[in-house]
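For chain W, the structure is supplied; the task is to place chain B on it using the hints.
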Amino acid sequence: MAAITTHALVKEYPGGVRGVDGVDIAIADGEFFALLGPSGCGKTTLLRSIAGLETITEGQLLIGDRDVTRLEPGQRGVAMVFQDYALFPHMDVADNIAYPLKIRRQPRSARRGVASEVGDGLSLTGLMERRPGQLSGGQQQRVALARAVATRPEVLLLDEPLSNLDARLRLEARTFLKELQRELAVTTVFVTHDQAEALALADRIAVMSAGKLIQVGTPREVFAKPATTFVAGFIGSTPMNLLAARVEGGQVRLGSAVVPMPLDAVGAVTDGAEVVWGARPEYLGWSTTAVEGGVEAEVTVVENLGASVLVTAVAGADRLQLVLGEDDEPAPGSRGWVTVPPRRTLLFDAESGRRLDAERAREDAVAVDVAP
Amino acid sequence: MTETRTTAAAPPPLAARVARAPRARHFVSRLLTVIGLALLVVFFGVPLAWLATAPFDSAPTLAVAWPDWTLSNFAAIGENRYAIGSFVNSAIIGFGTCVVVLVLGAFASYALSRVRIPGRDGLLYALLLLSSIVTGTAAMVPTFQLVNMLGLIDTHLAVVLVVSGGTLPTVIFILKDFMDSIPRSYEESARLYGARPWQILRDVVVPIARPGLAFVAVWTLVQVWGNFLVPYLLIRRTQQQPAAVLMYTFYTESGQADLRLLSAFALIFSIPIIVMYFLVNRRYGFRFHGGIKS
Chain W
72 MAAITTHALV
82 KEYPGGVRGV
92 DGVDIAIADG
102 EFFALLGPSG
112 CGKTTLLRSI
122 AGLETITEGQ
132 LLIGDRDVTR
142 LEPGQRGVAM
152 VFQDYALFPH
162 MDVADNIAYP
172 LKIRRQPRSA
182 RRGVASEVGD
192 GLSLTGLMER
202 RPGQLSGGQQ
212 QRVALARAVA
222 TRPEVLLLDE
232 PLSNLDARLR
242 LEARTFLKEL
252 QRELAVTTVF
262 VTHDQAEALA
272 LADRIAVMSA
282 GKLIQVGTPR
292 EVFAKPATTF
302 VAGFIGSTPM
312 NLLAARVEGG
322 QVRLGSAVVP
332 MPLDAVGAVT
342 DGAEVVWGAR
352 PEYLGWSTTA
362 VEGGVEAEVT
372 VVENLGASVL
382 VTAVAGADRL
392 QLVLGEDDEP
402 APGSRGWVTV
412 PPRRTLLFDA
422 ESGRRLDAER
432 AREDAVAVDV
442 AP
Chain B
23 MTETRTTAAA
33 PPPLAARVAR
43 APRARHFVSR
53 LLTVIGLALL
63 VVFFGVPLAW
73 LATAPFDSAP
83 TLAVAWPDWT
93 LSNFAAIGEN
103 RYAIGSFVNS
113 AIIGFGTCVV
123 VLVLGAFASY
133 ALSRVRIPGR
143 DGLLYALLLL
153 SSIVTGTAAM
163 VPTFQLVNML
173 GLIDTHLAVV
183 LVVSGGTLPT
193 VIFILKDFMD
203 SIPRSYEESA
213 RLYGARPWQI
223 LRDVVVPIAR
233 PGLAFVAVWT
243 LVQVWGNFLV
253 PYLLIRRTQQ
263 QPAAVLMYTF
273 YTESGQADLR
283 LLSAFALIFS
293 IPIIVMYFLV
303 NRRYGFRFHG
313 GIKS
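Listed in order, the protein sequences are those of chains W and B.
In case it helps, this note's numbering puts the first sequence at residues 72 to 443.
In case it helps, this note's numbering puts the second sequence at residues 23 to 316.
Bound conformation, chain W alone:
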């Protein structure tokens, strides 16, 4: 069990492309940590750099108190589950699980013992003699996990752990994975491009883009207070509404409508500033009667999501999406008002895309003072 710390970590590929570009991260001991981002953002490269499969170009990597920046993968005390599980097809389940112990020259009987013990913990009893090819996707994943934890690693790395499972199994595996991590209390870092997976599993999430960290926070923080419009658009199963707006007299003008100033942004903006107004579809409401601070709009599309509906409404040139309960479902073509809770809306700077926040502005001012 160990914490992971990186200082200005850089992985540069030949040709000058930076897969990881100056990442500073501190992952606490026992934490379940997600690296989230679109494909090509460097999240897998960062994971592989921690594992030692990529040589680190610049910066420092600490696991616990040890500087492992230049150490071989086998000396770092990390274990990894690969996206394709990387189970050896010519070995049975027990040999696969015990392979790390074979490398450590443990006798065969001890290896078999550990394999069956770890396998029992991951409900692999009775499958020990099988070859990986004879197992289902979920079983293969559990074998890969068993092999990874058989050596009691200080750090467990998971590369897209759920992407090879079908949709129904994925949910089951997600719960199982979270349970297992709690039980082992091993520092776990996983990579995913699926924001729902990251929100569901992780204690904290790091959102990455173009090799850089954009935001690190708890799922709730990342969901409710995204640092930039990029994070806002990436997180959430229905993307956040992001509309160009302007600050007018302590309120926000969206086309012809005027909505109340988001609470977080009070004091962080000046009159006349060009901003982006953001609101999650889940937080918006619908009213058939006029509401103060609401946006008058016409419903164009209603999509059924099961117990709720995703409504697309048009207000002038702007399109808004809102998620409503099945009882409040409006008919397509009807007019009404989108209600806006000021506590749940956000403002972003139109130019930089950064969230405007009175509290954060003060923190940033302090940070700038401290910076060399």
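Everything labelled a hint here was simulated from the structure, so no lab data went into it.
One thing to keep in mind: the hints can contain errors.
Stated by the list, open to error - Computed, partial: chain B to chain W, Cβ under 10 Å:
#, residue
1, D202
2, S207
3, E209
4, S211
5, R213
6, Y215
7, P229
8, I230
9, R232
10, R259
11, P294
Glycine included, C-beta positions come from ideal geometry on N, C-alpha and C.
For chain B alone, coordinates are given in the frame of chain W:
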């Protein structure tokens, strides 16, 4: 009444007439296919039939005929001073070449599959092109001179080295394909548990590439076993010569090819390769298990 009769005598409906023509054409094309296949079978089958019958004939000719059964031809092999020894020579050369080719081929193809060097594919194709020269007729003289300067004339080692040099590029080419299809994640996984490169090769790469290695072993053995030119050039002493070269010396006193000895010798000569093929095919069936999804 007359009208109804004419209708009854009318020619068969159009559809039936149209259908008959393709059926006839289909029959002709089937017939031609069968005749073509039969000719092919005869072309390849007759020499095999000769090989199956002539060794057991007391007076074999170059024609295929029902033999006048005897085993005396095989007894004649035993009487030949060099016959048994030549098979031992063939086995030494074949085994030696297989070992050299498999070991070097496995290392080289693994390295070429995993290490990115500029011009790698060009290098591979160039080697492949040049390899046919090493064991070919064009390089006969320089090959002989080289071996002569090394003082290796009349040794099995000379044949092993020259044939290995000639087959290695093809072997590397074939094995590299097998190595390429082994997911890198297997090795990375092993590396994370602290496995050294030779352990990865021993525990992961070689077992998975085993069908490829088996195929290459059979292929190499076939190449060496049947190679005439290289041992003929490099081995002058009869007691050192492999079976493929010794066969060339089987003449009767009148200067005619000794078909009794030749046919029996040829049959024994072909058996190891056939047995080897069936063994390997049964054991591996040339199938391959890969990763799940990459």
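Hints, verified against the model:
1. A least Cβ separation of about 16 Å between B:D202 and chain W goes past the 10 Å threshold, and the interface hint is therefore violated.
2. The beta carbon of B:S207 comes within 4 Å of a beta carbon in chain W, closer than 10 Å, and the hint placing it at the interface holds.
3. This hint holds: B:E209 has a C-beta 9 Å from the nearest C-beta of chain W, less than the 10 Å allowed.
4. About 4 Å separates the beta-carbon of B:S211 from the nearest beta-carbon of chain W, less than 10 Å, and the hint is met.
5. Among the interface hints, the one on B:R213 holds; its C-beta lies about 5 Å from the nearest C-beta in chain W, closer than the 10 Å criterion.
6. Interface hint status for B:Y215: upheld, as the beta-carbon distance to the closest one in chain W is roughly 4 Å, under 10 Å.
7. Taken as an interface hint, B:P229 checks out: its beta carbon lies about 4 Å from the nearest beta carbon of chain W, inside 10 Å.
8. Look at B:I230: its Cβ gets to within about 6 Å of chain W, closer than 10 Å, so that hint holds up.
9. Given hint, B:R232 at the interface with chain W, holds; its Cβ is 8 Å from that chain's nearest Cβ, closer than 10 Å.
10. Hint status for B:R259: violated, given a least beta-carbon distance of 45 Å to chain W, over 10 Å.
11. Taken as an interface hint, B:P294 does not check out: its beta carbon lies about 28 Å from the nearest beta carbon of chain W, beyond 10 Å.
The structure shown violates the earlier hints numbered 1, 10 and 11.
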